[in-house]
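S.K.: Fit chain to chain and form the complex, with the hints in mind.
Going down the list, the protein sequences come from chains A and B. In short: position in the first sequence from 1, add 1, done, that's this note's numbering. In short: position in the second sequence from 1, add 11, done, that's this note's numbering.
Possibly wrong hints are sitting among the right ones.
Simulated DEER-style distance windows between Cβ atoms [unchecked claim]:
id, chain 1, residue 1, chain 2, residue 2, range
1, A, A84, B, T103, 46 to 56 Å
2, A, E183, B, C134, 40 to 50 Å
3, B, K22, A, N76, 52 to 62 Å
4, A, H30, B, K22, 24 to 34 Å
5, B, Y15, A, E307, 40 to 50 Å
It is worth saying that the hints were derived from the structure and are not from the lab. Even glycine gets a Cβ: it sits at the ideal position worked out from N, Cα and C.
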Amino acid sequence: MEKEADVQLQKTPLYDIHVAAGGKIVDFHGWLLPIQYAGILKEHECVRTKAGLFDVSHMGELEVSGEDAYEFLQNLLTNDIDARPGKAVYSPMCYPDGGTVDDLIVYKLKENDYLLVVNASNTEKDYQWLLENKKGRVNIANRSAEFAQLALQGPKSAEILQKLVSEKLSDIRFYNFVNEVEIDNIKVMLSRTGYTGEDGFELYFRPADAGKLWNVLLDAGRDFGLAPAGLGARDTLRLEAAMPLYGQELSPEISPVMAGLQRFVKPEKGEFTGRESLIEQLEGNLNKKLVGFEMIDRAVPRTGYEIYSNGTKAGYVTSGGYFPTLKKNMGLALLDTEYTGEGREIGIKIREGIYGARIVKLPFYRR
Amino acid sequence: MKTYQGMKYTKEHEWVREDNGLMYIGITNYAQLELGDIVFVELPKKGKHYNAGEPISVVESVKTASDVYSPVTGTVVEVNDALTDAPELLNTEPYENWIAALQPENPSELDQLMDEEQYAQFCARGE
Numbered sequence: 002m003e004k005e006a007d008v009q010l011q012k013t014p015l016y017d018i019h020v021a022a023g024g025k026i027v028d029f030h031g032w033l034l035p036i037q038y039a040g041i042l043k044e045h046e047c048v049r050t051k052a053g054l055f056d057v058s059h060m061g062e063l064e065v066s067g068e069d070a071y072e073f074l075q076n077l078l079t080n081d082i083d084a085r086p087g088k089a090v091y092s093p094m095c096y097p098d099g100g101t102v103d104d105l106i107v108y109k110l111k112e113n114d115y116l117l118v119v120n121a122s123n124t125e126k127d128y129q130w131l132l133e134n135k136k137g138r139v140n141i142a143n144r145s146a147e148f149a150q151l152a153l154q155g156p157k158s159a160e161i162l163q164k165l166v167s168e169k170l171s172d173i174r175f176y177n178f179v180n181e182v183e184i185d186n187i188k189v190m191l192s193r194t195g196y197t198g199e200d201g202f203e204l205y206f207r208p209a210d211a212g213k214l215w216n217v218l219l220d221a222g223r224d225f226g227l228a229p230a231g232l233g234a235r236d237t238l239r240l241e242a243a244m245p246l247y248g249q250e251l252s253p254e255i256s257p258v259m260a261g262l263q264r265f266v267k268p269e270k271g272e273f274t275g276r277e278s279l280i281e282q283l284e285g286n287l288n289k290k291l292v293g294f295e296m297i298d299r300a301v302p303r304t305g306y307e308i309y310s311n312g313t314k315a316g317y318v319t320s321g322g323y324f325p326t327l328k329k330n331m332g333l334a335l336l337d338t339e340y341t342g343e344g345r346e347i348g349i350k351i352r353e354g355i356y357g358a359r360i361v362k363l364p365f366y367r368r
Numbered sequence: 012m013k014t015y016q017g018m019k020y021t022k023e024h025e026w027v028r029e030d031n032g033l034m035y036i037g038i039t040n041y042a043q044l045e046l047g048d049i050v051f052v053e054l055p056k057k058g059k060h061y062n063a064g065e066p067i068s069v070v071e072s073v074k075t076a077s078d079v080y081s082p083v084t085g086t087v088v089e090v091n092d093a094l095t096d097a098p099e100l101l102n103t104e105p106y107e108n109w110i111a112a113l114q115p116e117n118p119s120e121l122d123q124l125m126d127e128e129q130y131a132q133f134c135a136r137g138e
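Isolated chain B, as found in the complex (with noise of 0.2 Å):
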């Protein structure tokens, strides 16, 4: 499944994108394989702030409900209001569509997060 360049990762399946200054965050294609069908994704709210670990959204699939965690510090700028609607869209196309965009304050985060090839390996691991 084809990502972004530049793209990072956590621990938890989230990945984050720098895009004109912003962070863009979605959850990876491992995370959609895992939960199933998702049927509801519960977005942040647009102003707010949250630290980097800090559960930002819920997507509930139809067997569970996972709570996707912040990979930055910073505030919420935008939100993917497609997903209200068509939820599926990160099983489709879980790097096409992000969840939340942040202003944030620390971009540096990044370089703790996993490249491609370290997530790729961490997935294999099966942790």
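Excised from the complex, chain A in its bound form (with noise of 0.2 Å):
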């Protein structure tokens, strides 16, 4: 095989600590981080029942602030961001057919000053949508590189992360963050949210601190069953919890609707990228649908295979896999419309065979 030899892999400050923890070592998105340390199933399993810590530094910061900058910000995201500063906000980010751009997070540090978390692979591409969109008195900034990000998620974060910190961490409720938290000296931002279904916290602050943070928040969980996390038990936690990955269950022709996301989508709230065609789609103009389903038939469906509905292709598998929690072979897909409905039979085409499965209520997991 050709070696890609121009592409630049990018390391997180951390990746020193993965290889000496064990982790092994992958290529996502061009970035080196660690898929597992003692096994998926284990971290997955972990951070259900106690906690884990995940270095997702790879994912992209932009700051948008000045005068324009909330009207700026509402005429770009499908959300409503309307709220006071300490409060996140989870947003689509849509093209004019109403495919997407991305799914992020928006932190309101203070009025007109807002820090955007996207997804890494999507960094510079957003960076640029925001730029060719800007009107009025915004500065766009992609700050990515100022940031390491870990998360610690699991039903003892939060008693972990009180060890180290004097904010009543039960004060601050899910969706909400504090923006200078010091741990040890380090000046973090934390905000309670995450990718796992799980409670927990994502904590921002300056990559020079990444090692010594790592550490603390280890040794400070360890009486608690802490263990470091990958990128292969980040996956199956958010499936199982049906939280949608970019480029799978959200894309350019994956619209937020299709995927199910409509609480997120607010037409209501005025003029903004998308809307059209978006309030067309949620008054049921709707070719496509994101579903879940169980396996009935013994096999395990992953992302990219066919769905059939009695000889006639219906759609096919955005992600699939063994759910370790609820111990069963299941997955989201993307069908035509007039194919879903919970509790309906489906054939996905694995290998040479149809192997039978249901449509099933969404989330599959919840805390």
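M.R.: Have a look at this one:
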């Protein structure tokens, strides 16, 4: 195979620590990150029952500030970002046809000053999209290199973190954040958010502090069973919770309404890019829909497998696999709307055979 | 990890062992470590014929699905049904848990495979 010598792989500030900890390193959209340490099943279970620590420093951070920042973002995002500082808002960002540019979290740092946390592989595309659509008095800056990020996830997260911070964590509710928290003299933006379906926190801080913070957190969590977790478990955890992954459940071809994210699309807030197309879809003019399914026959469904209904192609699997907590083979699928409906049976083409599956309610797992 | 005397190995990380005229095949420790947690094994059907190098089984881990290629030519006479409910046996004891047993047509095919020392070197080269 030809080597892609001109592709520069990026490392997070914790790369050496991952290698030393036995992390199995893979190339994830150009980033060298651990897919697992002790094993995906063990790490998955650890996050569901205790807590896990993830390095997610590859995520992108874009800052939008200036007098017109609020209106500018309201105009590009489908969700309503009208909130007090300290609130985090999840939102898709769409093209005029309703297709998805990215899904992201907006942190309101102060009036007319926002930090957008975006998917790593979309950072440059999103940055360009913001620049192209720039309107009014706004400053747009790609600050990704100035942030490292850790995710502490699982039912024990709050107890572990409370040992390290003076703020009362029970006062920080889900999708809220505090900008300047100190952990062992490290300044951290602390957000009660995550991508696992569990309670948890995401911490943003300077890359130079990454090694120290990683160790401080692991030490504090030792008695609670905290362990490092990799990208493999991150994917199985988010999939069980039916959280979308950009590139699979969302894409330029898959709108947030198709993906079942209606509650993050707010036409009532006023004009925004994609609004008219999304209103049409919300009103029922929707040709494709994301559904959850579980296998009836013994087989593992995987991304890209075709789906049939009585011999007719009905769609494809966007994400699938073995679900460790539920101990079932399940997945998400994008189907032509006529084939959707809870309880309906579909066939998944796996290698040479068609294997039976049934459409089920989402999410698969709820804490 | 304990192996068996006379075990032979392929470049695709299968092992094969002759016992009472049958060829037992499985995957190596290197293979299971590469795959990670194994959650499903698609067993071949008894009575089916395979040529050496043909896919005979699929082993699926949390991450990925991987073909297992038959190291020899022959007909499947036994499959290891225990793997249906406990696929993780291929992680915990890869050399104790065979996937299928074949009645070989040409036992001398074994001579073309690697022995333990050659296979260890092959893995060390990271091919």
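S.K.: Hint by hint, say whether it matches the structure.
M.R.: Verification of the hints:
Hint check: A84 of chain A to T103 of chain B, Cβ distance near 50 Å, so the stated range 46 to 56 Å holds. For the hinted restraint 40 to 50 Å between E183 of chain A and C134 of chain B, the CB-CB distance of approximately 48 Å keeps it satisfied. Look at K22 of chain B against N76 of chain A: about 57 Å separates their beta carbons, and that is inside 52 to 62 Å. For H30 of chain A and K22 of chain B, the hinted distance range of 24 to 34 Å is satisfied, since their beta carbons lie about 30 Å from each other.
In this structure the hint that Y15 of chain B and E307 of chain A lie 40 to 50 Å apart at CB holds, the actual value being about 41 Å.
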